[in-house]
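Asks: Sequence:
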Amino acid sequence: MSVILPVRDSEKTIRRAVTSTLRAMPRDSELVVLDDGSTDSTVVILDELSKDTRLRVLQGGDEAGRGVGPALAKLMAATDSQFVARMDADDISMPWRFRETLPLVRTSADLVFTAILKLQGQRLVPGLPASISPGAFRLHLLLTNPACHPTLVARREAIDRVGGYRAVPSEDYDLWMRCATSGARLLRAASYGLIYRIHPTQVTASKSWQIASWADSQQAAAYADLSERVVGRRLPRLVQIAALDPTSRERAVREFETLLSPAIAELGGLQGAILTRRLRARVKWVRDQPTATTDKPEQRDLRA
0 MSVILPVRDS EKTIRRAVTS TLRAMPRDSE LVVLDDGSTD STVVILDELS
50 KDTRLRVLQG GDEAGRGVGP ALAKLMAATD SQFVARMDAD DISMPWRFRE
100 TLPLVRTSAD LVFTAILKLQ GQRLVPGLPA SISPGAFRLH LLLTNPACHP
150 TLVARREAID RVGGYRAVPS EDYDLWMRCA TSGARLLRAA SYGLIYRIHP
200 TQVTASKSWQ IASWADSQQA AAYADLSERV VGRRLPRLVQ IAALDPTSRE
250 RAVREFETLL SPAIAELGGL QGAILTRRLR ARVKWVRDQP TATTDKPEQR
300 DLRA
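Heads up: the sequence shown runs through residues 0 to 303, numbered per numbering that gives the first Met the number 0.
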């Protein structure tokens with residue numbers, strides 16, 4: 000297994016991210032870090048940690064600073080293991096993370112994720128410790144991204160089969176949709192595998208990232224491909240529906256509900272109940288958005 004980690008200017012958190020991951024990894028694994036043009040002491044810290052031979056450090060070179068997607072694509076190309084996992088420079092791996100996920104990716108799924116504990120300042124906030132089955136996962140993807148990227152453990156062939164990471168704003172969500180469309184099995188385990196640090200400087204916390212993700216045509220096409228496979232119709236993303244005029248919006252959201260509800264009902268049980276609640280919340284979000292005539296796109300809540 001290769002754990003891939005892109006990093007840029009993370010001197011305050013990179014040591015804990017690396018040491019916690021090395022501690023959790025099986026002995027026959029490697030942690031491959033790509034420094035994507037750091038200007039602080041990140042490289043010095045990585046050099047110190049390289050005494051552990053399971054850590055391999057690469058430099059971004061002339062391509063440094065192009066973004067997470069290209070950095071991950073370079074890391075994938077620099078490794079050849081059967082299994083690949085992700086880690087971020089500001090998170091912390093739990094000691095049992097890979098003991099619990101590797102057996103699942105060997106027997107039950109092609110991409111496996113875990114629940115997370117969010118670290119907000121000094122306070123740990125537990126996420127919902129509920130599993131998501133492969134059948135439910137693809138429906139969740141039509142509502143929102145249910146997976147935390149740095150918890151990923153996957154079969155490399157499942158990622159390579161769809162062309163790997165792309166240079167899009169939500170490179171993780173984009174990849175999950177394409178994998179699900181290809182027939183890959185995606186699963187989220189109920190166990191906590193990662194402490195996920197929340198801070199205002201995260202890329203995904205910026206309004207510019209949200210706007211770019213919302214408007215990206217490649218992600219919209221990946222979503223339409225997935226919806227066609229799951230419900231038999233190429234649907235627009237909910238953020239696209241939210242931008243329509245009131246009449247068109249209501250017509251589109253009703254169609255969305257009509258198509259997803261039967262697929263959710265087939266699941267039944269707790270998985271179906273969670274999805275039903277999520278669908279209602281997402282539909283309410285769409286209906287509550289200001290109309291395009293009174294509100295500019297950059298002023299919308301684009302977190303969905």
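Worth flagging that the hints you see were computed from the coordinates, not collected in a lab. Certain hints may be false.
[Said to hold, decoys possible] Restraint ranges, calculated between C-beta atoms of paired labels, are given here:
id : residue 1 : residue 2 : range
1  : Arg286    : Arg53     : 42 to 52 angstroms
2  : Arg26     : Thr290    : 53 to 63 angstroms
3  : Gln217    : Ile197    : 40 to 50 angstroms
4  : Thr275    : Asp51     : 39 to 49 angstroms
5  : Ser107    : Ile197    : 21 to 31 angstroms
6  : Asp51     : Ala280    : 27 to 37 angstroms
7  : Trp208    : Arg228    : 39 to 49 angstroms
[Unchecked claim] Straight-line C-alpha distance at most 25 angstroms; calculated DSS-like pairs for lysine-lysine:
id : residue 1 : residue 2
8  : Lys206    : Lys117
9  : Lys50     : Lys11
10 : Lys117    : Lys50
It should be emphasised that the depicted structure is a prediction, and the values quoted were computed from it without experimental measurement. Glycine included, C-beta positions come from ideal geometry on N, C-alpha and C.
Asks: Under the constraints set out in the numbered hints, which ones does this structure not fulfil?
Replies: Violated hints (numbers, rising): 3, 6, 7 and 10; every other hint is consistent with the structure.
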